[in-house]
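Here the protein sequences line up with chains A and B, keeping their order.
First residue of the first sequence? That's 19 in this note's numbering, and the numbers climb one at a time after it.
First residue of the second sequence? That's 19 in this note's numbering, and the numbers climb one at a time after it.
Hints are computed from structural coordinates only; laboratory data are not their basis.
Among the hints, erroneous ones may be present.
Identical chains share a label here; the pair holds if one copy fits it or two copies do between them.
[Claimed, not checked] Derived lysine-lysine pairs resembling BS3-like cross-links, with alpha carbons at most 27 Å apart:
{"#": "1", "residue 1": "K331", "residue 2": "K22"}
{"#": "2", "residue 1": "K400", "residue 2": "K353"}
{"#": "3", "residue 1": "K334", "residue 2": "K414"}
{"#": "4", "residue 1": "K25", "residue 2": "K205"}
{"#": "5", "residue 1": "K222", "residue 2": "K334"}
{"#": "6", "residue 1": "K83", "residue 2": "K25"}
{"#": "7", "residue 1": "K434", "residue 2": "K278"}
{"#": "8", "residue 1": "K404", "residue 2": "K334"}
{"#": "9", "residue 1": "K400", "residue 2": "K278"}
{"#": "10", "residue 1": "K119", "residue 2": "K22"}
{"#": "11", "residue 1": "K22", "residue 2": "K193"}
{"#": "12", "residue 1": "K222", "residue 2": "K353"}
{"#": "13", "residue 1": "K25", "residue 2": "K119"}
{"#": "14", "residue 1": "K414", "residue 2": "K458"}
{"#": "15", "residue 1": "K22", "residue 2": "K278"}
{"#": "16", "residue 1": "K400", "residue 2": "K331"}
{"#": "17", "residue 1": "K208", "residue 2": "K25"}
Protein chains: 2
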Amino acid sequence: MSLKTPKGTRDYGPAEAVLRQRLLDRVIQVFRRHGAATLDTPVFELRSVLTGKYGDDSKLIYDLKDQGGEPLALRYDLTVPFARYLAMNNVRQMKRYHIAKVYRRDNPQVTHGRYREFYQCDFDIAGTYDPMLPDAECIKVVAEILTELDVGDFTVKLNHRRLLDGVFEVCGVPKDKFRTVCSSVDKLDKMPWDTVRREMIEEKGLDERTVDQIGCYVSECGGIELLDRLSSDGQLNAIEGAMRALADIRLLLQYCAIFKVSERISFDLSLARGLDYYTGVIFEAVLKDTPDEVGSVAGGGRYDDLVGMFNPKRTKVPCVGVSIGIERLFSIQEKRTMVGKSTRTNETEVFVVSAHRGLHLRRLEILNQLWSEGIKAEHSYKQNPKLLAQLQHCEKRQIPLAIIVGEGELARGMVKVREVASRQEEYISLDTMIEEIRKKLTTLNVPE
Amino acid sequence: MSLKTPKGTRDYGPAEAVLRQRLLDRVIQVFRRHGAATLDTPVFELRSVLTGKYGDDSKLIYDLKDQGGEPLALRYDLTVPFARYLAMNNVRQMKRYHIAKVYRRDNPQVTHGRYREFYQCDFDIAGTYDPMLPDAECIKVVAEILTELDVGDFTVKLNHRRLLDGVFEVCGVPKDKFRTVCSSVDKLDKMPWDTVRREMIEEKGLDERTVDQIGCYVSECGGIELLDRLSSDGQLNAIEGAMRALADIRLLLQYCAIFKVSERISFDLSLARGLDYYTGVIFEAVLKDTPDEVGSVAGGGRYDDLVGMFNPKRTKVPCVGVSIGIERLFSIQEKRTMVGKSTRTNETEVFVVSAHRGLHLRRLEILNQLWSEGIKAEHSYKQNPKLLAQLQHCEKRQIPLAIIVGEGELARGMVKVREVASRQEEYISLDTMIEEIRKKLTTLNVPE
Chain A
19 MSLKTPKGTR
29 DYGPAEAVLR
39 QRLLDRVIQV
49 FRRHGAATLD
59 TPVFELRSVL
69 TGKYGDDSKL
79 IYDLKDQGGE
89 PLALRYDLTV
99 PFARYLAMNN
109 VRQMKRYHIA
119 KVYRRDNPQV
129 THGRYREFYQ
139 CDFDIAGTYD
149 PMLPDAECIK
159 VVAEILTELD
169 VGDFTVKLNH
179 RRLLDGVFEV
189 CGVPKDKFRT
199 VCSSVDKLDK
209 MPWDTVRREM
219 IEEKGLDERT
229 VDQIGCYVSE
239 CGGIELLDRL
249 SSDGQLNAIE
259 GAMRALADIR
269 LLLQYCAIFK
279 VSERISFDLS
289 LARGLDYYTG
299 VIFEAVLKDT
309 PDEVGSVAGG
319 GRYDDLVGMF
329 NPKRTKVPCV
339 GVSIGIERLF
349 SIQEKRTMVG
359 KSTRTNETEV
369 FVVSAHRGLH
379 LRRLEILNQL
389 WSEGIKAEHS
399 YKQNPKLLAQ
409 LQHCEKRQIP
419 LAIIVGEGEL
429 ARGMVKVREV
439 ASRQEEYISL
449 DTMIEEIRKK
459 LTTLNVPE
Chain B
19 MSLKTPKGTR
29 DYGPAEAVLR
39 QRLLDRVIQV
49 FRRHGAATLD
59 TPVFELRSVL
69 TGKYGDDSKL
79 IYDLKDQGGE
89 PLALRYDLTV
99 PFARYLAMNN
109 VRQMKRYHIA
119 KVYRRDNPQV
129 THGRYREFYQ
139 CDFDIAGTYD
149 PMLPDAECIK
159 VVAEILTELD
169 VGDFTVKLNH
179 RRLLDGVFEV
189 CGVPKDKFRT
199 VCSSVDKLDK
209 MPWDTVRREM
219 IEEKGLDERT
229 VDQIGCYVSE
239 CGGIELLDRL
249 SSDGQLNAIE
259 GAMRALADIR
269 LLLQYCAIFK
279 VSERISFDLS
289 LARGLDYYTG
299 VIFEAVLKDT
309 PDEVGSVAGG
319 GRYDDLVGMF
329 NPKRTKVPCV
339 GVSIGIERLF
349 SIQEKRTMVG
359 KSTRTNETEV
369 FVVSAHRGLH
379 LRRLEILNQL
389 WSEGIKAEHS
399 YKQNPKLLAQ
409 LQHCEKRQIP
419 LAIIVGEGEL
429 ARGMVKVREV
439 ASRQEEYISL
449 DTMIEEIRKK
459 LTTLNVPE
């Protein structure tokens with residue numbers, strides 16, 4: 019029998035789990051600062067819920083075996099379950115975050131922090147609102163998280179699906195090929211233009227002239243000046259959707275300026291995003307000081323039609339959201355902080371030590387007293403452990419205090435308390451033990 | 019397309035998610051008080067890891083579809099993944115908690131808080147220690163959690179697999195039928211003796227005399243007096259394993275008395291526990307004041323051989339642990355507290371309000387200032403929302419403060435602050451806005 023976790027998955031041992039929780043807590047703090055509530059959905063959905071939402075990526079969905087009953091599949095992201103929840107409960111307005119694992123049968127490079135099972139941290143705003151106000155807040159949320167996690171300099175690439183559609187139309191792509199050409203453009207962050215060009219011509223059947231014209235557009239990247247240039251592009255001007263998209267982006271850039279994140283933004287026509295469901299603004303955050311292979315660490319966009327797909331009446335609930343790829347951020351921090359023996363994995367405040375043989379029942383009494391007062395306490399699970407071994411255990415585990423129980427002291431109603439780091443010891447009365455311990459924990463500044 | 023969650027699963031909406039998180043936080047607090055570190059493992063395991071661990075219940079395991087690659091299955095509990103982790107990493111000693119969802123293709127009664135996807139909260143102690151010291155702490159942990167969650171009176175039933183084996187031997191059950199007879203005994207909490215008796219005779223092929231003798235033993239339930247009686251039982255006396263089991267239970271009861279949980283304990287020979295892997299003490303907590311259908315809310319026991327099953331050298335790592343059925347506890351609390359509109363699901367401290375048209379850019383500036391100071395703030399995503407609608411939103415969402423932005427006040431460098439509950443308003447200077455808001459939040463006692 020092979021002793022391993024499934025391909026593309028990993029365990030998080032205590033030190034990694036502690037570090038990851040700290041990372042997640044900071045992400046949650048940002049989500050909550052922006053007023054989001056949380057939601058939890060099942061790890062699997064009816065297969066039909068996931069069907070037709072992910073384009074080419076559908077082949078990466080994990081199906082469950084047919085063991086009788088409903089066809090099921092593991093969730094591929096948290097966005098589709100969110101949309102299903104909104105439609106099912108007829109919710110028209112919601113700001114929610116969801117932190118949970120998603121599943122993709124990819125061939126990920128685990129060395130670069132990419133897995134088949136990985137956490138996503140999603141923040142989404144659903145509701146019929148005025149243009150770009152929720153969209154700007156999503157970008158602000160990404161910027162706050164990446165700034166606070168201190169992962170170095172980053173750029174948020176920005177584009178618009180309707181603008182891309184306009185570009186495709188101008189270049190002469192037939193309408194029914196918009197989505198598939200969009201998938202090709204999406205590969206530009208991983209492949210050179212020549213490869214993508216060949217794919218468009220050979221696999222997708224486009225004209226060379228069309229493809230080269232697309233190539234001109236998608237190499238554009240900039241800010242307001244690019245926006246101005248595109249707004250006065252004679253051909254794009256004729257396409258209403260593209261003009262509205264440019265107006266959206268102009269407004270978004272204005273809001274981003276007020277939110278003091280302009281210098282992070284890059285309006286980038288090569289950004290396409292893989293998934294089918296986007297309908298408006300799309301964005302993706304990439305780290306600048308990190309090797310390319312880390313790729314994007316956050317991405318999202320507007321998907322105004324997804325909820326309607328679940329709704330028998332097709333009631334539209336416009337949504338915009340962002341997903342933080344916490345696993346890659348964790349992988350960067352893990353390498354940086356050298357996860358290891360120095361990370362404290364327990365919160366024990368007091369270790370109850372036997373000074374000599376025959377004291378385990380007294381130890382249990384003292385432990386019980388500490389627990390009932392809410393003090394975090396442990397002891398050795400040996401009846402007669404060696405004194406030195408117990409003290410070494412305290413040092414190794416960075417437990418701040420030891421209560422040392424000895425026959426002589428007990429006869430006088432006392433125990434010895436040792437500050438583990440300084441090795442200072444003093445006698446305290448059993449009667450005032452709890453208060454004394456509390457005082458010492460405060461002095462030693464042990465977080466509760 | 020059917021718009022539902024898969025059979026036996028549920029969403030947790032914001033109010034339920036908040037309540038469940040509170041419940042989990044209290045459970046975690048107890049686990050940490052006892053010094054446990056946490057661990058996270060993948061939601062699926064290699065199929066072979068789960069094979070041969072669950073006896074009859076194996077048929078309830080969710081398999082993943084064969085899509086090429088390794089045969090995988092969703093975890094059935096958190097114990098087997100823990101044992102796999104210990105063996106794989108050659109860990110000989112560990113106290114860990116793990117809170118995560120597990121999956122069982124059962125036909126659960128969702129009205130009673132039983133699901134196919136449900137959270138387990140596990141606490142386990144692995145290591146070679148002196149008898150019953152870790153076991154007693156597991157029982158203490160269960161008692162603390164059930165006491166602190168305030169779910170009413172409860173009993174912890176206690177038994178020992180080696181004692182049951184002794185009973186079976188005394189009654190004349192062939193050794194190779196011990197486990198299957200054990201499964202029959204396990205059904206006694208759901209079926210009357212007559213039905214179980216018939217199953218043993220007709221399906222398991224035991225003598226009537228054997229079965230009736232088993233019936234006598236498994237109807238026994240008590241405390242020290244029962245222990246004394248069994249210890250002097252002439253037939254059991256001849257079986258070394260049974261005698262050692264009785265000595266274990268005697269020691270455990272002594273430790274439980276020191277931990278002040280004796281009055282909760284019932285030594286109950288009908289307790290068998292379904293799973294194959296237990297090798298020693300077993301226990302199960304049941305609520306007294308709740309309808310029977312809730313069943314057990316916690317269960318566990320000693321499994322000394324499980325880690326060795328994963329280990330090529332069969333290195334033994336003795337373990338004992340407990341699993342809290344948080345979903346059932348949640349279901350009880352949910353009914354009791356009437357989850358609903360009164361549960362606050364966001365933590366927003368300040369809502370920034372436009373007093374009239376044309377102020378959305380100023381609102382964004384103020385919001386950005388609040389966020390950058392770590393204050394939890396929101397606004398309407400409409401450019402020109404109605405004043406009344408904004409104030410009503412604050413009241414409905416229980417947001418404590420509103421900053422009301424108006425042209426006249428802004429010209430004087432001021433904004434109005436409203437305490438939402440009391441509707442008291444006052445003007446504050448934009449220069450000191452942050453301090454004033456902080457002061458008010460402290461006065462209103464808004465938790466950070």
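Violations among the numbered hints, reported as their numbers in ascending order: Violated: hints 2, 5, 11, 12, 15.
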